[in-house]
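Undergrad: Please model the complete structure; the sequences and the hints are all you need to start from.
Taken in order, these protein sequences are the chains called A and B. Residue 109 in this note's numbering sits at position 109 of the first sequence, with consecutive numbering throughout. Residue 189 in this note's numbering sits at position 189 of the second sequence, with consecutive numbering throughout.
It is worth saying that the hints were derived from the structure and are not from the lab. Relax, there's no trap hidden among the hints.
Which residues of chain B face chain A? A few of them, derived with a C-beta cut under 8 Å, are:
1. 15
2. 16
3. 20
4. 23
5. 31
6. 37
7. 41
8. 44
9. 47
10. 49
11. 52
12. 53
Don't be surprised by glycine CBs; every beta carbon is placed ideally from N, CA and C.
Here are the chains, one letter per residue:
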Amino acid sequence: MRLFVAHEPELRAFLRTLLPSWESVDDVLQESSVVMWQKLDQLENEEGFLPWAKVIVRFKAMHARRTVARDRLVLSEETVMLLAEDAFETIPDQMDRERKALDSCLRKLSRENRDLVLLPYRRPGALTELAQQSGRSVNSLYKLLGRLREKLRLCVERELIARGGHS
Amino acid sequence: MKDDRFDELCQSYFLGTISGEEMGELDQRLKDDEGLRMKFAAAARLDANLRDAASSFEEKKNEAKSSFIPANQRWQLVLGMVAALLLVAILISQFYRGSFSEESPGSVEKIARVADLNGAVTWIANGEQAEGRLEVGNELTGGTLEVSSLESWAEIVFQDGSSVWVSGPAVVTISDGGAGKMIRLREGDLSLDVSPQPEGKPMRVITPSAEAVVLGTQFNISANSSSTSLTVNEGKVQVTRLADGSVQEVGADHRVVAALEHESPFRASPRGDYVRIWKSEYPRDVRQGTLRFEAEGRPDELRAETHLFRGDHGEKINPILLHSAVVGPAGRKMQPVLLSKGARFRILGHLDQSFRVSFGFGTHHARGGLSGKFSTEREIMVEPDTDGYFEVELALDDFQRLRSRFAESPVGHELVWFWVQTIKKDVGLSVYSVELLSTETQ
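TA: Pasting the structure below:
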């Protein structure tokens, strides 16, 4: 449990690379945690937890992708396999460092823009509601959101370089 | 290399707005280019971190709506703003206290107020550190309180009178929403006096290793990243060990320890009778510091841990380094320790050189919550032939209370922690043992 909690953010991000929605990510992670619990005696040492857990979530994600593909757009199985392979190895503390950099970048945004960037994660359909209330088109809000997310991505990259340079 | 089209496809994918044609294009490009797959994985991590940030950065209610009012409605907005400003001015004149509140009164629901505080206390509301001093009487929205030094504390009182003593060092997040009050204790010590809660809306206290459900009671809780200790003085608390979901009902005068490694027993047990003498044992009684081991692996000394002091609740000072070692009676079978008249502490430790050392301790009321913090300082001289070892004895009367509202004397109160600290300079402070000696019989 302690190991799962410690590595949960990284497992969640790994699954997000493979699956098209947060709903499917959460479902797969929950199912995977049960499997990990049942097979815990197969884990040889704590250091091996993350790769072991990634094998389990990758298997579950491939299965979930096939189910999800029936009613929504998904990447091909071949591409998802390649993504899983590439994202299997990660740099220690990468998520943590990127999260801290993101926090710093979010604080640089105006309150309005920050709320807009975080809105889709807070309430499903909130962006459409906002569009209706503000008289703007959903499309224009998504375009603005895309620009803000790109700005954040670049800011995170810069922050990581700057922090790396000081360490 | 910058690839605007790929960035656009990524954003559409993660925002869930991608079309069938775009998905085909994205799929092909990912299949063909390993560099783009790495970029895609980075975008997934950003998406995961944004989702995580959405829960820690509190939303400012109604503000997002006001940012996107179309131009033809702006005159209405201007009139509305004039009216709102007048209203705000009236409310400020009635309620505004000090420079702390960054929101206009009434714009965000206040759920609690600061009843008392001392030392290094920082309040972070809406994901941002508040500017100005946090003061007694400030009203608070949901947010996070960081009480960062040993001499500091804060008392927060909810609207229904439930009070929470936060004793430093501690990090605690409070909220009060539709599901009831929630307190997340990342690390540190809390004393709670909880008024009866509405039916179906118990207060929940969540730590990294346990969750307590409270209807109305007085209890103390101490948590770090792997273990939670909870002592109930009045009422009853339901505690869930998060490692395996097992549940214990903890009644009055009982305690329970929930650890993440679930091999440890998780069972509510009576606190037992008071003892009046105590000697620290490692690792059982370590609260802060780094243990160093003898050759055979037995814990031998507690090395002071270095942390930064940035000034008392908002004051701007140059950061100061503090070096602290903290111990306290703990362990599953540890009986409560009562401070008796004539008692004294004996501290054995090590310094690289002679230096001024601060000593202090925290107390709880007998079978109750936080009752005080007491401290004193001594110039510790280490002789060259003693290899830096020192021994000092301090009577209870040598310590001064840190606040006049605390009991004048700690006699009759429970010992919770004892700290040893040097300020600014790292002079190699280590603590071998802290012992409480008493003239009274057990």
